[in-house]
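Each chain is listed here by its residues.
Protein chains: 2
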Amino acid sequence: MTGPNLLIIGAGGVGDVVANKAVQFRDRFGTITWSARTAEKLAAKAAKVNARYGATEGKPFITTEAVDARDSAAVKKLIESTGASIVLNVASPYCNEAILHACLETGAKYLDTALAEHEFTIDIPPNWYERIEWPLRPEFKAKGVTALLGMGFDPGVVNIFCAWARKHHLDQIDSIDIIDVNAGNHGKYFATNFDPDVNLREVTEEVITWDEGEWKFIPHHSVWQDVTLPIVGEQRVYSMGHDELQSLAVNFPDTPRISFWMGFGEHYMKVLEVLDTLGLTSSVPVEVDGAMVAPNRLVKALLPDPASLAENYMGKIVIGVDVRGRKDGEDKRLFIWSTLDHKENYEEVGAQSISYSTGVPVMTAALLMADGTWDPKTMVNVEEMDPDPFLALMPDVGCPWQADELPTDDTWPYAEGQSASASAPLSAQKAATDRGAT
Amino acid sequence: MTGPNLLIIGAGGVGDVVANKAVQFRDRFGTITWSARTAEKLAAKAAKVNARYGATEGKPFITTEAVDARDSAAVKKLIESTGASIVLNVASPYCNEAILHACLETGAKYLDTALAEHEFTIDIPPNWYERIEWPLRPEFKAKGVTALLGMGFDPGVVNIFCAWARKHHLDQIDSIDIIDVNAGNHGKYFATNFDPDVNLREVTEEVITWDEGEWKFIPHHSVWQDVTLPIVGEQRVYSMGHDELQSLAVNFPDTPRISFWMGFGEHYMKVLEVLDTLGLTSSVPVEVDGAMVAPNRLVKALLPDPASLAENYMGKIVIGVDVRGRKDGEDKRLFIWSTLDHKENYEEVGAQSISYSTGVPVMTAALLMADGTWDPKTMVNVEEMDPDPFLALMPDVGCPWQADELPTDDTWPYAEGQSASASAPLSAQKAATDRGAT
Numbered sequence: 001m002t003g004p005n006l007l008i009i010g011a012g013g014v015g016d017v018v019a020n021k022a023v024q025f026r027d028r029f030g031t032i033t034w035s036a037r038t039a040e041k042l043a044a045k046a047a048k049v050n051a052r053y054g055a056t057e058g059k060p061f062i063t064t065e066a067v068d069a070r071d072s073a074a075v076k077k078l079i080e081s082t083g084a085s086i087v088l089n090v091a092s093p094y095c096n097e098a099i100l101h102a103c104l105e106t107g108a109k110y111l112d113t114a115l116a117e118h119e120f121t122i123d124i125p126p127n128w129y130e131r132i133e134w135p136l137r138p139e140f141k142a143k144g145v146t147a148l149l150g151m152g153f154d155p156g157v158v159n160i161f162c163a164w165a166r167k168h169h170l171d172q173i174d175s176i177d178i179i180d181v182n183a184g185n186h187g188k189y190f191a192t193n194f195d196p197d198v199n200l201r202e203v204t205e206e207v208i209t210w211d212e213g214e215w216k217f218i219p220h221h222s223v224w225q226d227v228t229l230p231i232v233g234e235q236r237v238y239s240m241g242h243d244e245l246q247s248l249a250v251n252f253p254d255t256p257r258i259s260f261w262m263g264f265g266e267h268y269m270k271v272l273e274v275l276d277t278l279g280l281t282s283s284v285p286v287e288v289d290g291a292m293v294a295p296n297r298l299v300k301a302l303l304p305d306p307a308s309l310a311e312n313y314m315g316k317i318v319i320g321v322d323v324r325g326r327k328d329g330e331d332k333r334l335f336i337w338s339t340l341d342h343k344e345n346y347e348e349v350g351a352q353s354i355s356y357s358t359g360v361p362v363m364t365a366a367l368l369m370a371d372g373t374w375d376p377k378t379m380v381n382v383e384e385m386d387p388d389p390f391l392a393l394m395p396d397v398g399c400p401w402q403a404d405e406l407p408t409d410d411t412w413p414y415a416e417g418q419s420a421s422a423s424a425p426l427s428a429q430k431a432a433t434d435r436g437a438t
Numbered sequence: 001m002t003g004p005n006l007l008i009i010g011a012g013g014v015g016d017v018v019a020n021k022a023v024q025f026r027d028r029f030g031t032i033t034w035s036a037r038t039a040e041k042l043a044a045k046a047a048k049v050n051a052r053y054g055a056t057e058g059k060p061f062i063t064t065e066a067v068d069a070r071d072s073a074a075v076k077k078l079i080e081s082t083g084a085s086i087v088l089n090v091a092s093p094y095c096n097e098a099i100l101h102a103c104l105e106t107g108a109k110y111l112d113t114a115l116a117e118h119e120f121t122i123d124i125p126p127n128w129y130e131r132i133e134w135p136l137r138p139e140f141k142a143k144g145v146t147a148l149l150g151m152g153f154d155p156g157v158v159n160i161f162c163a164w165a166r167k168h169h170l171d172q173i174d175s176i177d178i179i180d181v182n183a184g185n186h187g188k189y190f191a192t193n194f195d196p197d198v199n200l201r202e203v204t205e206e207v208i209t210w211d212e213g214e215w216k217f218i219p220h221h222s223v224w225q226d227v228t229l230p231i232v233g234e235q236r237v238y239s240m241g242h243d244e245l246q247s248l249a250v251n252f253p254d255t256p257r258i259s260f261w262m263g264f265g266e267h268y269m270k271v272l273e274v275l276d277t278l279g280l281t282s283s284v285p286v287e288v289d290g291a292m293v294a295p296n297r298l299v300k301a302l303l304p305d306p307a308s309l310a311e312n313y314m315g316k317i318v319i320g321v322d323v324r325g326r327k328d329g330e331d332k333r334l335f336i337w338s339t340l341d342h343k344e345n346y347e348e349v350g351a352q353s354i355s356y357s358t359g360v361p362v363m364t365a366a367l368l369m370a371d372g373t374w375d376p377k378t379m380v381n382v383e384e385m386d387p388d389p390f391l392a393l394m395p396d397v398g399c400p401w402q403a404d405e406l407p408t409d410d411t412w413p414y415a416e417g418q419s420a421s422a423s424a425p426l427s428a429q430k431a432a433t434d435r436g437a438t
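So the protein sequences, as listed, match chains H and S. Those letters in the first sequence? Residues 1 to 438, by full-length UniProt numbering. Those letters in the second sequence? Residues 1 to 438, by full-length UniProt numbering.
Among the clues, some could well be false.
Identical copies look the same in the list; a pair holds intra-copy or inter-copy alike.
[What the hints assert, rightly or not] Below, a list of computed lysine-lysine pairs in the DSSO-like style, where the Cα atoms sit at most 30 Å apart:
| no. | residue 1 | residue 2 |
| --- | --- | --- |
| 1 | 377 | 316 |
| 2 | 143 | 377 |
| 3 | 300 | 270 |
| 4 | 316 | 270 |
No wet-lab data here; the hints were simulated from the structure. It should be emphasised that the depicted structure is a prediction, and the values quoted were computed from it without experimental measurement.
From just these sequences and the hints, can you work out the full model?
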């Protein structure tokens, strides 16, 4: 117990992953505290984690504290009382602003996995980070406080894949296509893999994409392509706005086109069309029998709890970046990607791969902060950091990755169920196994 | 102005039709009063109706009174103050119970077009009329007060078609299939033709049908058939529970099978599947951010106002009964039906055909009550009355009807756009035109 004290805020699916991973790597931290709004639910979850890794009665690996994470003063108090020097925020994005301020005031290092949000707001104009995060950057810099923004998989690892391609493989990047496909099946009629109101807003907002060096706006799901990915094969993916475009457009100023693509099946699209066309995905409250009700909050109340999906989730996810550009005057194209298996992840930590793929990266970054490898002493987006130590460590924390050189003629060399491209991978890192669960 | 004073309660689409028709036939009534909850909206509607038929300033054909029709005492007061002896209830079915009681107390004749309902109740067991209406029958009878239940098209005219077939054409009725097809197009993504929460409940309830002389329960939309109707051609219609089955099963005790079928297009079925599977058609409140919200009430708040559809509604409706049985020992099958055109009806009274086909029959019955032709001095369902005067008068009020003898081999002799069957119709009554609008 010689490392820094860690405070985890948030006990959804990603919180479950992070709590498990923190305990797996408990030798790198001092105390590990897990906090969330509801004390009882949290205590039960922590008891499960402690039991999984063989903590003895009265000597838990992870302890719990209830906190309202939208109350900055309460978070500050908790940071002080736990002596946390790293705050890992995996709570609702509605809490980000309060936690950021608490870290700024206490000097604790801050990590999150998604952009700060305010409730009942939609179609925020770019740059999204200029609304809440980046205006605080001068203060973080002046005080020398570290804040690492968007350290999940996407945003997060995909940004790091881009930084890695730029550092090692390309002189000039002409286009970045981030591709996120969940080919898993949760067996429910319809469900979202994380907070429904955040998720439904994300998939139904006007799409903001970076094209010819400027922001373009297109209707959601109006632009798609069919890609053939490793493992999951042919998939239809739709252009969507996403956090990482906002920071990559700034941090990759020479790259004229950056797009994010997400896979959606026909059934999902059908349900979404109905919900969206009828106004049921809207976060703008309407009057119902005299009360104001946000339609997406009602839909959230009716949909399955995302955490409940994990147990029966089957199949795999593939998330990667298709990066095109030039090296020594020649066209060059890379696909850098990871795959995870819902069932495997559930068996290890009780969460599905969408949560796992978000939790493992932010824990990887926390480990790099714990040993001082990453410590920018200001606010940064993750592509501003050196990608090498992160990509070297992430497989050990649980997430493999691989980089393949792809044909420059727009074709895909993969087939369903196969991970090998026609050529040998530039880099392939398997995930470490045996995390020490008893 | 020598007839009885008339009180119309309700100012939705059906109310619009009834108000227009009452003014068209104003020589049969004394005063005509139109009441609804919202005074201003109602006054504007009445001004339009008065203007349409050339009422002069200060001498309106129809006057208005605001009333909360769920408040029985308020309705009673209104009946007394207007001196109404006929109360035509086309308000929400949630109001029926209060209006029934007000009529019972004042002795005013009562007519409605649909079963009384309570909010937030679903899947009522048969017999539906035994819940609110029929328990009041002994009191209506004892006091000699007339109440005519379910006097729209379906329930209503279809029941009368059955009574007419029994009276004139069949010794024994083996089966009754009521078929309701709206082949119109309102041009909206999704909308209901009347109150969304009543409509969505109706189409998603467990189906109660009369089969082999007893009630059978089947999942909604689980049984369908393809029929070929006059005018609208081939249509897929689905078995549904409906008010008229409840009374016909009692009043046609020798008929072993009575079913109701409604046409639904593929797109409608898709949207309904999504809403229903996700629980959005439910009237059972769920907790949303601490408040209790009935999902169907939110959906209602988001859907187009049914009254707003009329203006752009194109196409026709066909509603009829396929009655099979025996006459003089021979198999015999009749199809007795009406058709209306959305655009024609809108041009006449500012409402589409779903409303028109409900409003014209109840006004026809009110006229039969005004001249004393129909006056049972107790509570009845419409099939208990002599069908002949009704069917003779209805075309003059605006709704044509036709009876065809059909092949007994289950085939349909019609084709799209045609109203003639292979054989000459048994009876064909055209609608009267020129209703005296200026």
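Quiz prompt | Numbers of the earlier hints that this structure fails to satisfy, in rising order | solution = Hint check: 1 fails alone, others pass.
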